[in-house]
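Each number in our numbering comes from the position in the sequence shown (counting from 1) with 50 added on.
Worth flagging that the hints you see were computed from the coordinates, not collected in a lab. Keep in mind it's a predicted model, so treat the numbers as computed, not measured. All C-beta atoms, glycine included, are put in the ideal place defined by N, C-alpha and C. Misleading hints may appear alongside valid ones.
Stated by the list, open to error - Simulated restraints, written as ranges between beta carbons of each label pair:
1. Arg-93 / Glu-118: 15 to 23 Å
2. Arg-136 / Lys-161: 33 to 41 Å
3. Gln-91 / Glu-119: 28 to 36 Å
4. Glu-81 / Lys-161: 31 to 39 Å
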Amino acid sequence: MATELTHDALFVYGSLLAEAKRIEILGHCVEVIDARLDGFQRRRARYFYIEPTAGAVTAGMIMLGLTEEDWRRLDAYEEVPSLYTREQMEVVTSDGPTQCWVYLPTAKCIKQ
51 MATELTHDAL FVYGSLLAEA KRIEILGHCV EVIDARLDGF QRRRARYFYI EPTAGAVTAG
111 MIMLGLTEED WRRLDAYEEV PSLYTREQME VVTSDGPTQC WVYLPTAKCI KQ
């Protein structure tokens, strides 16, 4: 089954799971729903990151309704493109699979 890309949604799996951190960065609350990313394992160096791992599942949530300003703030927080890149990936919610954005680590992120 094909999934649609949700342009205003971001799957989070690290520090952005905390509502207080999201509010600190964005300056407002956003709607979130539980989700998972199959085939990736959450790891941590200095920062949380995910890496492809057969059979692994990363639990997280999807932040919904993000604005252009929200993306600017999030990309700055995640230090795109130095520490992370933002890629479209399929994640799974209680309603099934959906495509949204995910921050993936660069080599610099993993080495820290």
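How the hints compare with the structure:
1. Arg-93 / Glu-118: 15 to 23 Å: 30 Å, violated
2. Arg-136 / Lys-161: 33 to 41 Å: For Arg-136 and Lys-161 the Cβ distance comes to about 20 Å; the hint is violated.
3. Gln-91 / Glu-119: 28 to 36 Å: 32 Å, holds
4. Glu-81 / Lys-161: 31 to 39 Å: 34 Å, holds
Taken one by one, the earlier hints fail for this structure at numbers 1 and 2, listed in ascending order.
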